[in-house]
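Residue numbers (our numbering), protein chains in the order written: chain A, 27 to 397; chain B, 222 to 825.
Source of the hints: derived by calculation from the structure; they are not laboratory data. Fair warning: this is a prediction, and the values are worked out from it, not measured in the lab. It is possible that some hints are incorrect.
Each computed DSS-like pair below joins lysine-lysine, with the alpha-carbon atoms no more than 30 angstroms apart [what the hints assert, rightly or not]:
hint, chain 1, residue 1, chain 2, residue 2
1, B, K401, A, K161
2, A, K381, A, K205
3, B, K775, A, K381
4, B, K775, B, K744
5, B, K405, B, K390
6, B, K292, B, K445
7, A, K381, B, K789
8, A, K136, A, K109
9, B, K445, B, K229
10, A, K344, B, K789
11, B, K775, A, K373
12, B, K791, B, K710
13, A, K47, B, K789
14, A, K323, A, K47
15, B, K775, A, K344
16, A, K344, B, K800
17, A, K373, B, K797
18, A, K344, B, K795
19, B, K791, A, K344
20, B, K797, A, K381
21, A, K47, B, K800
22, B, K401, B, K445
23, B, K229, A, K323
24, A, K234, B, K814
25, A, K234, A, K47
26, A, K344, B, K797
27, B, K789, A, K33
28, B, K789, A, K373
29, B, K771, B, K710
30, B, K814, A, K363
31, A, K381, A, K344
32, A, K323, B, K744
33, A, K109, A, K33
34, B, K791, A, K234
35, A, K47, B, K229
Over 12 angstroms on every C-beta distance to chain A, these chain B residues come out as not near it, computed from the model [claimed, not checked]:
hint, residue
36, T410
37, D459
38, F466
39, I472
40, G514
Cβ atoms here follow ideal geometry from the backbone N, Cα and C, with glycine treated the same way.
Read off the chains here:
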Amino acid sequence: MINKKKKELEIYLHIPFCVRKCGYCDFLSFAAGVEVRERYVERLLEEIKQSRELGQRYKVATVFIGGGTPSILEGEWIARILKQIQAVFSLQEDAEITIEANPGTVNREKLGIYRAAGINRISFGLQSTEDKELKRLGRIHTYQEFLESFEMAREAGFQNINVDLMSALPGQTLESWCKTLERITKLSPEHISAYSLILEEGTDFYRKYQGHQEYLPSEEEERLMYECTGEILSRWGYQQYEISNYAREGYRCRHNLGYWERAEYKGYGLGAASLLENIRMTNQTDIKEYLRGNYAKSEEHLTEEAIREEYFFLGLRKTEGVEIGIYQEHYQELLYKLQMQQLLAEKDGRIYLTKRGIDVSNYVFAQFIDG
Amino acid sequence: MASIDQNKIRNFCIVAHIDHGKSTLADRIIEKTGLLTSREMQSQVLDNMDLERERGITIKAQTVRTIYRAKDGEEYIFNLIDTPGHVDFNYEVSRSLAACDGAILVVDAAQGIEAQTLANVYLALDHNLDVMPVINKIDLPSAEPERVIDEIEDVIGIEAQDAPLISAKTGQNVDEVLEKIVEKIPAPTGDPKAPLQALIFDSVYDPYKGVIIFCRIKEGTVMKGTPIRMMATGAEADVVEVGYFGAGQFIPCEELSAGMVGYITGSIKNVKDTRVGDTITSRSNPCASPLPGYKKVQSMVYCGLYPADGAKYPDLRDALEKLQLNDAALQFEPETSIALGFGFRCGFLGLLHLEIIQERLEREYNLDLVTTAPGVIYRVHKTSGDVIELTNPSNLPDPSEIDFMEEPMVSAEIMVTTEFIGSIMDLCQERRGIYQGMEYMEETRALLKYELPLNEIIYDFFDALKSRSRGYASFDYEFKGYVQSELVKLDILINREEVDALSFIVHGASAYERGRKMCEKLKDEIPRHLFEIPIQAAVGGKIIARETVKAMRKDVLAKCYGGDITRKRKLLEKQKEGKKRMRQVGNVEIPQKAFMSVLKLDDK
Chain A
27 MINKKKKELE IYLHIPFCVR KCGYCDFLSF AAGVEVRERY VERLLEEIKQ
77 SRELGQRYKV ATVFIGGGTP SILEGEWIAR ILKQIQAVFS LQEDAEITIE
127 ANPGTVNREK LGIYRAAGIN RISFGLQSTE DKELKRLGRI HTYQEFLESF
177 EMAREAGFQN INVDLMSALP GQTLESWCKT LERITKLSPE HISAYSLILE
227 EGTDFYRKYQ GHQEYLPSEE EERLMYECTG EILSRWGYQQ YEISNYAREG
277 YRCRHNLGYW ERAEYKGYGL GAASLLENIR MTNQTDIKEY LRGNYAKSEE
327 HLTEEAIREE YFFLGLRKTE GVEIGIYQEH YQELLYKLQM QQLLAEKDGR
377 IYLTKRGIDV SNYVFAQFID G
Chain B
222 MASIDQNKIR NFCIVAHIDH GKSTLADRII EKTGLLTSRE MQSQVLDNMD
272 LERERGITIK AQTVRTIYRA KDGEEYIFNL IDTPGHVDFN YEVSRSLAAC
322 DGAILVVDAA QGIEAQTLAN VYLALDHNLD VMPVINKIDL PSAEPERVID
372 EIEDVIGIEA QDAPLISAKT GQNVDEVLEK IVEKIPAPTG DPKAPLQALI
422 FDSVYDPYKG VIIFCRIKEG TVMKGTPIRM MATGAEADVV EVGYFGAGQF
472 IPCEELSAGM VGYITGSIKN VKDTRVGDTI TSRSNPCASP LPGYKKVQSM
522 VYCGLYPADG AKYPDLRDAL EKLQLNDAAL QFEPETSIAL GFGFRCGFLG
572 LLHLEIIQER LEREYNLDLV TTAPGVIYRV HKTSGDVIEL TNPSNLPDPS
622 EIDFMEEPMV SAEIMVTTEF IGSIMDLCQE RRGIYQGMEY MEETRALLKY
672 ELPLNEIIYD FFDALKSRSR GYASFDYEFK GYVQSELVKL DILINREEVD
722 ALSFIVHGAS AYERGRKMCE KLKDEIPRHL FEIPIQAAVG GKIIARETVK
772 AMRKDVLAKC YGGDITRKRK LLEKQKEGKK RMRQVGNVEI PQKAFMSVLK
822 LDDK
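Based on the sequences and whatever the hints tell you, model everything.
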């Protein structure tokens, strides 16, 4: 057999269950009984099993178990899922294996099982350290519960922990946001994600606040919050590497970087997306269908044009931006315009968003969509 | 066919206020005379266009011939000429009436006489038609036929005691109408052997036959081979086919002689050659003089029509040309706007006509249009003595070259219940109306007479009238003439650049108010940009109002999970798609609907 080097692959596993749907959340997630959850895991295992051929060609660099709230599943089930992955694929020795967890849904035993199963990174969905802000968001936990969960994770041996935070919340002030940031930096997680609240159509928050922006921080305040995030976190040794992501040296999230760099990935579970050889596949979003074993839904062969556009609107999320490379000619005019508008800057053949460019990143990205 | 006895022909039309049941009665007559069974009838046979059915109005004159066996045992030919029902098409109505010998006046048993009832009746009486009243909708609980009969006699002064009381909807007593037609409507006169004299009351374009002329033969006879001439346009042709109107089809016949209504074809390529109201005669045996009453239809309302997608300009031109084949009143000529690119300045009979054309372009030709604010024709008297007929505000000469300007006025009649007289008078006052008088129809209703500038009523007057009278006021107007007026051009500057397509002419006294409202409206319509955008209204270079669109502070997308790029991509595409529907002026993107926002400035 020719010793052909296997390509790198990222794996995403979607667990669409949560204790209760939060008012702002438009991810594919919902509350479900234990029986549905169990059947789902069985199907997930079966779906993974169908990838033997893929396992021959790829070596896994990262695994990300996201949701929903994956940590509401029994610890053993998570272990079974990872065992199945290992049965089908070979994992790199230093593979990054992450699980998302909600404070209050983990305990020592569960965390121990995670560790034993090979999980080396845990991502806590905290959002805020103010209990009244958490309550308004519809979160199921308190700050105190988070502190306990965080402590347990450290004790279980997790040396790579992320904390998700959210700014621009109803009733949040610049002061309370900075307080949240400072409390968290004192805990010293390796990674912090800090997103702004976006009102997504179809959510309770959208119905409640779209016509009542007065209950939300103004755009000015929201941008100030964003600026403070960068300042405070950099003071504590967190380097920004993406619009909303900050990490200590050596702890950038390899899995998410993969999405922005158009690495190849395979998603399993309800609504999960894959990108393999420039073919994008999306799974079924209907849980009933999924439980019947109908996993795949659609497949799109990306055109040259789509690849080029994605390269920019994904890559530009990163602080270091992207190399212009072969696209110099195609976007010459646009790049000039965006630089004149001071939304983009160029250095050593790479372009990246300026501070103003980050504020209106959506506008900048849309410019790269042709046609 | 030559043996048809003039005494057995009845040429008539139905006149009514809108919604009083004209088309329904027409359907009933067609059904009862056996032309179509009710199964074959689609509701309102005569309204051909989808638009007409949807809006419940008749846009083009329609004609149908049916045979009725009367109680006297004889068979009569009924030529029913359905007339357009809107003030925009007043001239068409008048020509259709001239083709008839009598008119059925339909009055709603609940609503009684309305503004258009009067306008149409007077028009019919002007043409010496015998008017035969019919009281419709007697099945309504609110019907008061006795009161309406008295009203007709009092207000119009025609005999109405024996008017049939009917329900066109249920068919009740429609037979009585048919008998009355035979009895009351006079048979046509005219000498089949005299020189040909035929009145054109409509024409349509057919891709195979060319123009099909709808006409009423007043004198003489026309048949295949007759060499004809249109007396006003001078166009000539040889008749290829003559015939009459079945339900939705043309039925050829040998000849048409004095007293008959039918159609003529003759390989005529352009509907402009066959103008409504013109007289057809024979070149070999011409009549001495044309029939009276011809006038060239004048466009009253103008606006710019632009394709939303500049590349569709040739498609728009083709579509306009095709529509014009059937609509001699539609005028257009190419124009260029800095903001909107290549398009056409189009002339219409009125706002309804404009809306109809716009809708047909969008629906039947699948075009996406940007329409500029409609305006009227202003007369600009220059100091040099020249007079310009101004249809596009952008072409207004420099104020230093203008001696004075004139604007068109209309005489308007508004029928209103007495409780709303005050608010309607206020409305007319706001629109610079000049009070001419008021007549009480009965204790609770009055007819208000005003002279109004046409430019004050073309956009939203009708809506305002309806809303301030809770829908009870009715309205009719006719062109009066031009008067001198203090008019100014109101310019709109967006990010300090004048946007030609947003300029309009307005009376000096209302310039400030309109400018202010316009800026407010545009502020809401124009999305935020990366920079601040001032919106200003100016008259003669002087800024009279200002609003500001604040700069966009942030525009960020939410996190995506599990590499679901497709969803993110769709959001970006949607944003980009939205841009396509914008017009770039300088470095500002203006949504297309902003160009029409001037239409909706009345916020009462």
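So, going through the hints one by one against the coordinates:
no.: 1; hint: K401(B) - K161(A); result: violated, 80 angstroms
no.: 2; hint: K381(A) - K205(A); result: holds, 23 angstroms
no.: 3; hint: K775(B) - K381(A); result: holds, 11 angstroms
no.: 4; hint: K775(B) - K744(B); result: holds, 18 angstroms
no.: 5; hint: K405(B) - K390(B); result: holds, 23 angstroms
no.: 6; hint: K292(B) - K445(B); result: violated, 36 angstroms
no.: 7; hint: K381(A) - K789(B); result: holds, 22 angstroms
no.: 8; hint: K136(A) - K109(A); result: holds, 16 angstroms
no.: 9; hint: K445(B) - K229(B); result: holds, 24 angstroms
no.: 10; hint: K344(A) - K789(B); result: holds, 16 angstroms
no.: 11; hint: K775(B) - K373(A); result: holds, 24 angstroms
no.: 12; hint: K791(B) - K710(B); result: violated, 43 angstroms
no.: 13; hint: K47(A) - K789(B); result: holds, 22 angstroms
no.: 14; hint: K323(A) - K47(A); result: holds, 25 angstroms
no.: 15; hint: K775(B) - K344(A); result: holds, 18 angstroms
no.: 16; hint: K344(A) - K800(B); result: holds, 26 angstroms
no.: 17; hint: K373(A) - K797(B); result: holds, 27 angstroms
no.: 18; hint: K344(A) - K795(B); result: holds, 23 angstroms
no.: 19; hint: K791(B) - K344(A); result: holds, 20 angstroms
no.: 20; hint: K797(B) - K381(A); result: holds, 22 angstroms
no.: 21; hint: K47(A) - K800(B); result: violated, 35 angstroms
no.: 22; hint: K401(B) - K445(B); result: violated, 35 angstroms
no.: 23; hint: K229(B) - K323(A); result: violated, 73 angstroms
no.: 24; hint: K234(A) - K814(B); result: holds, 29 angstroms
no.: 25; hint: K234(A) - K47(A); result: holds, 15 angstroms
no.: 26; hint: K344(A) - K797(B); result: holds, 22 angstroms
no.: 27; hint: K789(B) - K33(A); result: holds, 26 angstroms
no.: 28; hint: K789(B) - K373(A); result: holds, 27 angstroms
no.: 29; hint: K771(B) - K710(B); result: holds, 27 angstroms
no.: 30; hint: K814(B) - K363(A); result: holds, 27 angstroms
no.: 31; hint: K381(A) - K344(A); result: holds, 12 angstroms
no.: 32; hint: K323(A) - K744(B); result: violated, 44 angstroms
no.: 33; hint: K109(A) - K33(A); result: holds, 21 angstroms
no.: 34; hint: K791(B) - K234(A); result: holds, 25 angstroms
no.: 35; hint: K47(A) - K229(B); result: violated, 81 angstroms
no.: 36; hint: T410; result: holds, 69 angstroms
no.: 37; hint: D459; result: holds, 55 angstroms
no.: 38; hint: F466; result: holds, 51 angstroms
no.: 39; hint: I472; result: holds, 53 angstroms
no.: 40; hint: G514; result: holds, 57 angstroms
Comparing the model with each earlier hint shows violations of hints 1, 6, 12, 21, 22, 23, 32, 35; every other hint is respected.
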